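Undergrad: If you want the building blocks of each chain, they are given just below.
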Amino acid sequence: MAALELKTISKHFGAIEALSHVDFALERGEIVGLMGDNGAGKSTLVKIIAGNFPPSGGTILLEGRPVHFHKPGDARAAGIEVVYQDLALCNNLTASANVFLAREKTRGFGPFRILDNRAMNERSRELFAELKSETRPAETVRMMSGGQRQAVAIARTHLSQARIVLMDEPTAAISVRQVAEVLDLLRRLREQGMAIVLISHRMPDVFEVADRVVVLRRGRKVADKPIQDSSPEEVTGLITGAIGTA
Amino acid sequence: MKTAGESFIGKMIAAQPFWVTVAVLVICAVMTYLQPASFPTADNFFNITRNFAYIGIMALGMMAVIITGGIDLSVGSVMGLAGIICGLVLQAGYPWWLAVLAGLGAGALCGIVNGVLIAYVGLPSFVVTLGMLAAARSFAVVLSENKMIYEFGPDGDMFIAIGGGEILGLSNMVWLLVAMTLVFGFVFRFTPWGRHLYAIGGNEAAARLAGVPVNRIKLQAYILCALTSAIAAIMVVGWQGSAINALGTGYELRVIASAVIGGANLMGGEGGAFAAFIGATLIEVIRNSLLMAGIDSNWQGAFVGAFIVLAVLLERIRGSRTD
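Protein sequence lines, in the order shown, are assigned to chains A and B. Residues in the first sequence are numbered from 31 upward in steps of one, following my numbering. Residues in the second sequence are numbered from 1358 upward in steps of one, following my numbering.
Source of the hints: derived by calculation from the structure; they are not laboratory data.
Label-pair ranges, simulated between beta-carbon atoms:
#: 1; chain 1: B; residue 1: Leu1382; chain 2: A; residue 2: Phe139; range: 38 to 44 Å
#: 2; chain 1: A; residue 1: Glu238; chain 2: B; residue 2: Ala1562; range: 28 to 34 Å
#: 3; chain 1: B; residue 1: Pro1481; chain 2: A; residue 2: Arg207; range: 40 to 46 Å
#: 4; chain 1: A; residue 1: Pro234; chain 2: B; residue 2: Val1383; range: 54 to 60 Å
#: 5; chain 1: A; residue 1: Gln191; chain 2: B; residue 2: Pro1570; range: 20 to 26 Å
#: 6; chain 1: B; residue 1: Ala1518; chain 2: A; residue 2: Arg155; range: 51 to 57 Å
#: 7; chain 1: A; residue 1: Glu263; chain 2: B; residue 2: Phe1483; range: 52 to 58 Å
#: 8; chain 1: A; residue 1: Lys101; chain 2: B; residue 2: Met1624; range: 28 to 34 Å
#: 9; chain 1: B; residue 1: Ala1659; chain 2: A; residue 2: Gly103; range: 51 to 57 Å
#: 10; chain 1: A; residue 1: Phe139; chain 2: B; residue 2: Ser1395; range: 48 to 54 Å
Chain A is nowhere near these chain B residues, computed Cβ spacing over 12 Å in every case:
#: 11; residue: Val1387
#: 12; residue: Gly1479
#: 13; residue: Met1649
Computed from a prediction, not measured in an experiment: that's the story for all the values here. Every residue gets a Cβ at the ideal spot worked out from N, C-alpha and C, and that includes glycine.
Looking at chain B on its own, in the form it has when it is part of the complex:
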């Protein structure tokens, strides 16, 4: 016998991503009604999807960390550092793939430092990644000599084609986000590694007693998170055709907000790949709608803040009903 909570439909309706998807559709419908000439256009669709694509990519990595019960505040700075490294490698005339590898390497290194300090030394993730937030940004500023890098050398065009190109009317970044969401969703749901992420977030001591390699998996989660920041940096530098050391400033809030609004639990143990995708979508759709409605875009912060608190509040209400 199945109760309502166990059936597929029941599970879907009980899940936060479902309601966030409904909210996105409602906002889009209202905006289409209010602004038929400017909102539901191919151009605007292209812009919205591209604007949340790189946040969504980072939110996928953040999701892995949040599921374990941790947090990574350094994603914006890691993005900035990886972007500057890419720009420097291109500026020096090296091929595009070396720039990609260097960017990923810089991200991985940040992730390793975060992960080792958190998983093996046992420092709180909040503190370690706050430190990395400051340090990685500082490296980016020093390495760039506080200048914008835009003379990309012979392979710059290829790099710009990767990040700035489009396929079938959508930015490459969007396709990358879709592909990564599918891969992350698969890993979270269907692999032992994914299950161990949830186990660590649910009860770290129990996971350890059961024989889950907790330290190793936490380290891997922080590396994965930093790598998604580096991937986002590579794409955005290509799209903008320049690397600035301020790239990604303040993004940690948007990325964490995406994950939480999508349905991640900051206490760990809950979340998913689609949650990261749809959370990032909602934030950008709101921002775009505010702009279209002629409201000062600086109000976005107030809306994002309200949505984070609302998401956590909903979680609390649902939690009190089940516990």
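Same shape as in the complex, but just chain A:
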């Protein structure tokens, strides 16, 4: 059974049709590359999955059960996490403070509770070790490389035991060496059985890690096939419209 399945999802804003009858399924332990030009409907699709707004039509199935998200908190509670392009981290806090932000571990009794930094650092260290990332829990995020920041953002999703992770352009603004680091992180998440949607403009990244590629053009799905059956040339053609469907 698919971890996440979208059936004939449509979304229109007034007269503008952002998505029309998109079917989309995501299995556990799978990375799906979601590609498309600006305005193709990628971010609309992500926002529907993340609960930012409901679809105009169609159904969302999670492990086979229909779900209705009214706010991002609903999607998060259902095990869906989004890692945003700008990474949404607090630069002035430590890595572990960011991982545990708004779900801090505390100790004490009754209403008298103080932060348990030791426990949070310890757990963060484990999470970073699982991701094989050299990120130090007590270091301030301001000092960190793009790859380490990405690890912090991903560790957050791990902490919440997310089953589905939407990665919005994770490699857009980082150096080549760090791109390799981030792609490794994605592979590790896949090994752990997570279902991952990789939204990216970068063709090489998608072809390196994704198992399947889905292409959107003008709100319609024009391709959905295993990565080995496609090629960067074909995907480029699909994105621009030079190739109709595949």
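Given the structure of chain A, go ahead and fit chain B onto it with the hints provided.
TA: Same frame as chain A, but now just chain B:
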């Protein structure tokens, strides 16, 4: 492995409050050398500490707001309003604790108005609190009928004992500042609420996405700030034995300067309780030293202004090194 920036000593030396403390000690040493008969006396120590105590108390509340990346320009006017409310309640013959509660209530109300407009309506803190600066002062003048209130009724003595009293050679206000600095320091460093203040100042959108109740915490920060102004008003009215509607005029500059000189970042996300304490100390020590050295005390403004710019400049230099 720990780098220099991570060890305790390294952190301390890198922090602005450490250097401000050094500056305070150096100025005190120089003044003790120059004015051995008048500067290092028990009387002068009592005066200096009392004079920065109420500014320090307000700077603690201001610190909570500045850490979130906001600013509260209304603290001086809120202080004036809370002082007049205390005076009116005492003058009407009510007990001292009712005057204290009324003063705190007036402060809280101002804080709620500021906080709701900033956190929930989304107006800039600069504009909202500038409005409150004018409005609260105007209320104070109207309510006092532009008169000084000094006939405090039967419970006036108790009120004066609270604000004007001393314990072990230091004004009650100083002890209150010390206690509040410890409490605020604890809350800032060791509680989830404190951490969320820093998170909001660091990246408000990220804090919101993570699930931090940003609006509620910002509202609480503005209420806390206004409450510290009310506490300062209660103490100062007791100390002076009278309430005037001009109380606190221009204090917003001294309070904000204390926080910034101590090491708060006006962009948010940085600062601490000791920073508020030591910033207030430095400003008063400078003022006192100028007086002792026979320099016109009106020069104080120039020094405070120079120190604010210097503090921000230091912050900028340290920031460019780490970013």
